[in-house]
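> Read top to bottom, the protein sequences are chains U and F.
Heads up, the first sequence is in numbering that gives the first Met the number 0, so the first residue is 0 and it goes up one at a time.
Heads up, the second sequence is in numbering that gives the first Met the number 0, so the first residue is 0 and it goes up one at a time.
Any given hint could be a false lead.
[Stated by the list, open to error] To spell it out: a stretch of chain F is covered by chain U in this simulated footprint if at least three of its residues, at any positions, have a beta carbon under 8 Å from a beta carbon of chain U; those stretches are:
| no. | segment |
| --- | --- |
| 1 | 36 to 48 |
| 2 | 54 to 60 |
| 3 | 65 to 77 |
| 4 | 288 to 302 |
No lab work stands behind these hints: they were computed from the structure.
Where a beta carbon is used, it is the ideal one built from N, C-alpha and C, also for glycine.
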Amino acid sequence: MSARTIAAREGAGVVQVDAEVLGNSAVGAYRHLTLVTPGLAEIARPGQFVALAVGDGTSSMLLRRSFSIHRVSPAGTYGATTEIVVAAAGPGTQELTRLEAGASVSVIGPLGKGFPLPSQPVPCILVGGGYGSAPLFWLAEQLRERGCPVEIVLGAATADRLFGVVEARRVADGVTVTTDDGSAGTQGWVSDVLPDLIARTGAGVLYGCGPMGMLRSMSAIASDHGIVAQVAVEEAMACGVGICMTCVMPVADQHGTTKMVRSCLEGPVFRGDRVRWEAFDDGLCRVPADAVGAPKEVR
Amino acid sequence: MTAATPPSSVDMSVDLAGVRLPNPMMTASGCAANGREMHRFIDVAQLGAFVTKSVKAQPVSGRGTPRMAETPSGMLNSIGLQGPGVQAFVEEDLAWLHSIGARVVVSIAGSTASEFANVARAVVRSRYASAVAAIEVNISCPNVANRGLVFACDPASSHKVMTLVREEVPRGLPMLAKLSPDVTDIVEIADTVLKAGAHGLTMINTTLGVAIDVDRLRPHLIAATGGLSGPAIRPMAVRAVWQVAGAMRAGRIKTAPIVGAGGVRTGRDALELVAAGASAIQVGTAAFNDPTAPERVGRELEQLIAERGFTRLSDVTGIAHERFTP
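Isolated chain F, as found in the complex (with noise of 0.2 Å):
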């Protein structure tokens, strides 16, 4: 048997906008369900926070399927955010996480900017409360009152929503916004929905793609289209995450935590986009590989920041700006 690794000096705490979280790693909206499944593999209470699947005002079905194809380093999802409505959610699912301790980040969505406020109020308010370390709010979703549209495209749709959650969301509970990379300026986004009054970036959400049957020559989805995570998408997140962390440090834009996501599989993955500025981490689609993943990148990366001479990750959170010369 090998010798257990040395326990670390480093501090791995995190400042997520006023709330302290012992370590930095979570869980990615929609690739834990909401909680209980992951719990028989590692303790989730463990996590930094743990972040729940998005859920709307009502309960939804989701789509038919196929919902999922495999892509190279990757997958394609079109789930339709499936939940059982804010009620239930909160009876049952906050209601587990508040009695195992989990430090909660809700997930929520909507059809429209004020079924997004609706959602945090059902949530802010409901006697589980203590256990919300954030809420983070899923703009990735279609406006039905712009012809589908996902609001996180659109600045005008971000800011809304971001406003009417502002009102529900008491103070000292960071807001963060969910960021769809699907934009031709992530940074002009970024700055919408600091102005409206995100405390926090959650970065980055799928991209849209496409697979298409060979065999049957049709879209491989139901739904055709599909959000794709992985991996693969992995150099996106890593730039989105670049971008807007340069922006902040050039004063372009205001500063704000920002949660890093998008195919994290390794300490090493968590390293980059720590480096390129994220100071929490999210893992989704590799859990699906290795359900551990969100505990085990975690050990990683604390060992590969020791391992480079550093005591607090947060010294680490966007040193790559410091060292690299245009």
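Same shape as in the complex, but just chain U (with noise of 0.2 Å):
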């Protein structure tokens, strides 16, 4: 089995492939997955994803699962080759985490808006929750190339559900981890250690991948220092590809003006000043009422 390109349009900036599987490795609670993935990996960006088929063309789980890109190698020994990593959550990814290599599997990518690199080199603090810290590391790597010091923060409920704290110590000026039970790094939340780091090295920007009240709660505290969070988010997505309008979310644009928008096609990655965070609560989002062409108010 070798990789074979399904579609792949002049200007289109997305391919769609029949990935071949490299390599699949566990890495603490999750799987690391290398695909080679011809015409992905050379136009990808940091904070892009990727979406992946279930299954073949019968699989009765029909719905793509979205992945940011850990990281690419357009010019590996196997080819162009995309890395992303995977929780096993449902029947789903778990299907995915079984891959053998050799295997075929069905990427697009690359999908959504990167992170925005600043044209400054001011220090950037990259926040990980879980597994979200997948594309920081790549993402640091770009923000050093640009003079930018980096400090990297992993926060996970446990010890094996942080991800990436080796390859931070290699890529960042600095890394704190913390866990909510204390089993690595210091016990609490990212949130807790993010004033006093942001204060210690005069951050100018956050950077953010992870839950939502994570992404939430950087995006408030980047507010209080008067300094701009770039969220990744995780909403619940169909295709990946902007057909389907189920992973809207509330964002405001530039003028104030909150619309429900695609989180795949104008995110992934939001300003965190801009996400109507208020307008999620236990696990719904509702349509805030002064967005437009929110349900008028019956009485």
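These two chains come separately, so use the hints to put the complex back together.
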């Protein structure tokens, strides 16, 4: 089995390939997959994601699973490869974590908008929750190439749910680890250590990827310090390519107008202060009353 | 490498109530946004027609989330007709589809019968109207004047919508009614909308379902109910097409082209609908799995028809009725 291109239209900025699984290894509680993805790795940027199909064209699980890109190697020994980190959360991701080397999996990417990079060499703090840290190491390398000092903060419930602590030490100027239970690093949340770290480093930008609650609190901390947070959100998606309209969330534009935007197309990276976090509660997101086209209050 | 498939000699063209389409393949409304996104994977101008997301008069935010739940061989959705409103739709989306030379089936929606008519008028009088191959009337929306009961579930409401829209649609532009399977007798609704002036039928829309989140022990979707789509509902679609085409062939209702939709993922699925009576095919949920599906299914369908010794798609439409002995 070798990789096969299904769709690669000129200027599309995205390809659909039947990728070959090159490797699948355990990393803590997660699986690290390396996929041969011709045409994809060459154009991807940190913060973008890929959408994987579960099984072949006969699978009863139709919806694609989206993963942020951990790393790409456009010119590796086996051709262009894309690496992702998968947590077996349900039947679909379980099937993906069981893919063996040599197997084929349908991959679409790169998708979405990546992390915007600062034009000045300002200090940056990169915050990852659980395996949400996957894209941060690649981002750190690009930031340091631009002269930005980089701190990485990794948080998780327990030590085995941290991802990339060793890699973080290699690519960052400083690394802070937090766990809810204290099994590694400082006991507590990433939000407990961020204010001091911002003060100490003079950070100008926070980058984050992880659970919504973490992104919300780091956005609030960024605002308190008068700096920008760029957060990569995790919304449930059916397609990843912008046609299903299921991954929407309320985000304000530069004029302050809130719309329900597709996180797969306009995101997954948003400025933290533009996201209407108050709309999210208890696993639901309600349409803010001032959003464009919001339902009229019926009394 | 395998040898390229030899070009088949099957005439795949479709006469959709007087409008000639080069092939039967369409997207399904709400499953391909308004074209740009899918155009990154396939040339949507090569489809028989591109079917747009249902548009209403004003911008609609749609519902909150979760809006979607995966189910066996399908999914539930409750998007809530999110859209930019017909004015922005015409200026941005229809303009773009026109610019790439796509044949467009514009899906219209409304909360009242007159809203449907207003949306139809804005589309057919727009400067991009030459791109419009047909109007698809999505009568599976809640009727505010009738306690939110969907138009398509009530013959009188369906009749009123089609009558008002017909007054706005110029001669020669087919008007398709998209029917819901959630009715006691789909032949009766088909009869009603055809009598009201529909030139064709699209069958089927989604069927209503609920999924419960068993961790939180509450409905998974923020709206509780959602429309079920995907291969899980394909037998319902084949049944609806079978029943309505059967009634047409028996002379019980007016004969009109049927656009088959519902769970089509492969050429074989499309061929089922064609043999049951569909002249054209829409691919919806399968595009979420494979955004090239509308094009791929067309290739597979053509191959299957050729393998069975036919030279025209139209010769296969409804053939299962001829080969069925009750």
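> Decide, hint by hint, whether the structure agrees.
Tested hints:
no., hint, verdict
1, 36 to 48, "holds (count 7)"
2, 54 to 60, "holds (count 4)"
3, 65 to 77, "holds (count 9)"
4, 288 to 302, "holds (count 4)"
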